[in-house]
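Asker: Taking the hints into account, I'd like the entire structure generated from these sequences.
Residue numbers (this note's numbering), protein chains in the order written: chain A, 3 to 274; chain B, 3 to 274.
Check each hint, because a few of them may be wrong.
Which copy? The list can't say, so a pair holds if one copy fits it or any two copies do.
[As the list claims (entries may be wrong)] Within a straight-line C-alpha distance of at most 30 Å, the following computed DSSO-like cross-link-like pairs (lysine-lysine) qualify:
(1) K116 <-> K44
(2) K100 <-> K11
(3) K167 <-> K263
(4) K167 <-> K21
(5) K99 <-> K11
Just so you know, the hints here were simulated from the structure itself, not pulled from any lab data. As the structure is a computational prediction, the values presented were derived from the model and not from experiment.
There are 2 protein chains.
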Amino acid sequence: MRVSYLGPKGSFTQIALTKYFGDDADEISQRSIGEVFNTVEKRMVDYGVVPIENSFEGSINNTHDLLIDSTVKIYDEIQIRIHQCLISKTTEINQIKKIYSHPQSFAQCQSWLKANLPNAELIPVFSNSEAAETVSTDDEACIGSLRLTKLYDLELIKKDIEDSKENTTRFVILSHEQQEKKGHNKTSLVITPPDSDASGSLYNLLQPFASEGINLMRIESRPFRGQLWSYVFFIDCEGSIEDSSILNAIRTLKEQNIRVKILGCYPSQQHP
Amino acid sequence: MRVSYLGPKGSFTQIALTKYFGDDADEISQRSIGEVFNTVEKRMVDYGVVPIENSFEGSINNTHDLLIDSTVKIYDEIQIRIHQCLISKTTEINQIKKIYSHPQSFAQCQSWLKANLPNAELIPVFSNSEAAETVSTDDEACIGSLRLTKLYDLELIKKDIEDSKENTTRFVILSHEQQEKKGHNKTSLVITPPDSDASGSLYNLLQPFASEGINLMRIESRPFRGQLWSYVFFIDCEGSIEDSSILNAIRTLKEQNIRVKILGCYPSQQHP
Numbered sequence: 003m004r005v006s007y008l009g010p011k012g013s014f015t016q017i018a019l020t021k022y023f024g025d026d027a028d029e030i031s032q033r034s035i036g037e038v039f040n041t042v043e044k045r046m047v048d049y050g051v052v053p054i055e056n057s058f059e060g061s062i063n064n065t066h067d068l069l070i071d072s073t074v075k076i077y078d079e080i081q082i083r084i085h086q087c088l089i090s091k092t093t094e095i096n097q098i099k100k101i102y103s104h105p106q107s108f109a110q111c112q113s114w115l116k117a118n119l120p121n122a123e124l125i126p127v128f129s130n131s132e133a134a135e136t137v138s139t140d141d142e143a144c145i146g147s148l149r150l151t152k153l154y155d156l157e158l159i160k161k162d163i164e165d166s167k168e169n170t171t172r173f174v175i176l177s178h179e180q181q182e183k184k185g186h187n188k189t190s191l192v193i194t195p196p197d198s199d200a201s202g203s204l205y206n207l208l209q210p211f212a213s214e215g216i217n218l219m220r221i222e223s224r225p226f227r228g229q230l231w232s233y234v235f236f237i238d239c240e241g242s243i244e245d246s247s248i249l250n251a252i253r254t255l256k257e258q259n260i261r262v263k264i265l266g267c268y269p270s271q272q273h274p
Numbered sequence: 003m004r005v006s007y008l009g010p011k012g013s014f015t016q017i018a019l020t021k022y023f024g025d026d027a028d029e030i031s032q033r034s035i036g037e038v039f040n041t042v043e044k045r046m047v048d049y050g051v052v053p054i055e056n057s058f059e060g061s062i063n064n065t066h067d068l069l070i071d072s073t074v075k076i077y078d079e080i081q082i083r084i085h086q087c088l089i090s091k092t093t094e095i096n097q098i099k100k101i102y103s104h105p106q107s108f109a110q111c112q113s114w115l116k117a118n119l120p121n122a123e124l125i126p127v128f129s130n131s132e133a134a135e136t137v138s139t140d141d142e143a144c145i146g147s148l149r150l151t152k153l154y155d156l157e158l159i160k161k162d163i164e165d166s167k168e169n170t171t172r173f174v175i176l177s178h179e180q181q182e183k184k185g186h187n188k189t190s191l192v193i194t195p196p197d198s199d200a201s202g203s204l205y206n207l208l209q210p211f212a213s214e215g216i217n218l219m220r221i222e223s224r225p226f227r228g229q230l231w232s233y234v235f236f237i238d239c240e241g242s243i244e245d246s247s248i249l250n251a252i253r254t255l256k257e258q259n260i261r262v263k264i265l266g267c268y269p270s271q272q273h274p
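Answerer: Right, dumping it as structure tokens:
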């Protein structure tokens with residue numbers, strides 16, 4: 003089984019992949035979320051893994067934007083707690099003068115850095131693995147997953163330096179197939195209102211779900227490319243795509259000329 | 003009049019500031035959105051300017067998160083078209099081997115860069131002004147506003163390299179005061195549902211607006227810190243905070259134990 007993921011090696015996405023598929027999958031690192039979508043679309047791999055939402059930072063915009071037009075489906079989801087570590091050649095925190103990291107990791111460790119390394123120079127790079135690769139002297143450090151210490155032969159200075167202990171990222175498994183329905187299901191949809199004044203009609207978009215008694219677990223708006231200040235809406239609702247309530251809601255929306263795309267139907271991990 | 007803004011000098015926020023306040027304001031650059039909020043809260047300045055939404059990238063998360071708890075109000079809004087330029091010591095595009103920029107600017111010029119400079123090394127920095135400051139040889143370039151050429155004594159290689167010609171950013175003017183009502187008004191609110199299953203009750207949150215016939219111009223969800231997978235909602239609605247319809251809707255929400263914070267009431271620039 004071949005699975006592509008948002009790399010590089012040691013990324014949180016790879017940790018999610020291993021947690022989901024175990025050690026047997028052939029793990030293929032990609033440089034961008036777009037390239038993970040591409041490898042799945044072209045059937046170069048069986049599955050792809052990308053982040054979709056972080057409990058602290060919110061939605062991963064790129065994943066949402068690609069889901070609007072892609073032919074791939076959401077096969078499943080998995081979430082992992084994000085633990086950030088300070089990593090270096092040395093274990094001596096006092097020596098650290100420069101820290102490399104992805105800007106998002108700096109943001110997640112803001113308070114800890116201010117309290118413990120207020121004078122260190124923060125240098126942004128494209129990924130935490132690139133940061134780990136850059137660390138070459140005892141006054142340099144990087145921020146990232148514990149796995150980076152093994153991959154790049156580095157030492158752990160301090161673990162769990164993230165400010166929010168609730169820091170969790172949800173990942174989606176992309177595929178062409180839909181899994182067999184079982185247990186507590188969740189259906190993900192993208193809804194595109196017909197006119198330019200999209201948000202004005204949001205209440206109408208939600209009405210069919212309310213009248214069918216469907217519980218909405220999440221709603222997320224994204225800009226609708228090409229039309230200024232219009233939006234498409236991502237909706238996760240409780241239930242299976244085979245439930246008559248969800249089928250009725252989708253039919254009602256389509257009758258109103260509202261475009262509905264089914265992204266996937268899978269067991270919900272969010273409310274265990 | 004003293005106005006702080008998200009700097010550094012030459013940033014798109016400064017361009018918005020000058021467009022709104024003219025040349026008479028004392029423009030004070032801040033290093034982060036949080037510091038702009040801070041200077042307004044502590045009355046070190048009369049106004050602050052920060053970006054809130056980009057038509058291409060979506061919401062500016064940091065601004066939304068700070069608005070949840072801050073004591074400052076949205077005094078007004080202004081939007082500007084974002085034009086990205088390729089800038090260097092030279093005017094010869096063929097010489098360019100390295101390009102410095104904020105990751106968001108790379109994202110906005112992705113197709114142009116792939117078509118015109120496919121082999122250039124892209125180096126991320128914290129701001130486009132920092133990028134301009136770094137450019138020191140003829141094989142280096144940066145991406146940013148035309149204003150950077152004057153500020154850093156650089157040459158324009160190519161203007162309007164952004165992929166989307168609809169690329170527009172909306173900025174808010176922060177202040178302690180509310181402006182005199184005039185013309186077409188817009189009211190901005192933050193709504194925090196009482197229970198943990200926030201998004202499930204979204205339809206109920208919107209119901210009071212629908213039954214009062216209030217037009218919703220925008221809705222945006224953000225993670226609710228401290229509670230996994232719960233959300234707060236930012237709502238922009240058409241009308242003034244003195245309209246009985248809006249007052250009624252807010253009263254109905256509060257009766258249901260839903261926290262409503264009024265962020266501001268100001269003339270709408272979005273639908274001229």
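Asker: If a hint holds in the structure, say so; if it does not, say that too.
Answerer: Cross-check of the supplied hints:
1. Taking identical chains as interchangeable, the C-alpha atoms of K116 and K44 lie at most 30 Å apart only when they sit on different chains, with a minimum of 21 Å there against 45 Å within one chain.
2. When the C-alpha separation of K100 and K11 is checked against a cutoff of 30 Å, the pair qualifies both within a copy, at 23 Å, and between copies, at 25 Å.
3. When the C-alpha separation of K167 and K263 is checked against a cutoff of 30 Å, the pair qualifies only between copies, where the shortest distance is 27 Å, while the shortest distance within a copy is 35 Å.
4. When the C-alpha separation of K167 and K21 is checked against a cutoff of 30 Å, the pair qualifies only within one copy, where the shortest distance is 20 Å, while the shortest distance between copies is 42 Å.
5. In this homomeric assembly, K99 and K11 come within 30 Å of each other (Cα to Cα) both inside a single copy, at 26 Å, and across copies, at 27 Å.
Violated hints for the displayed structure: none, as all numbered hints are satisfied.
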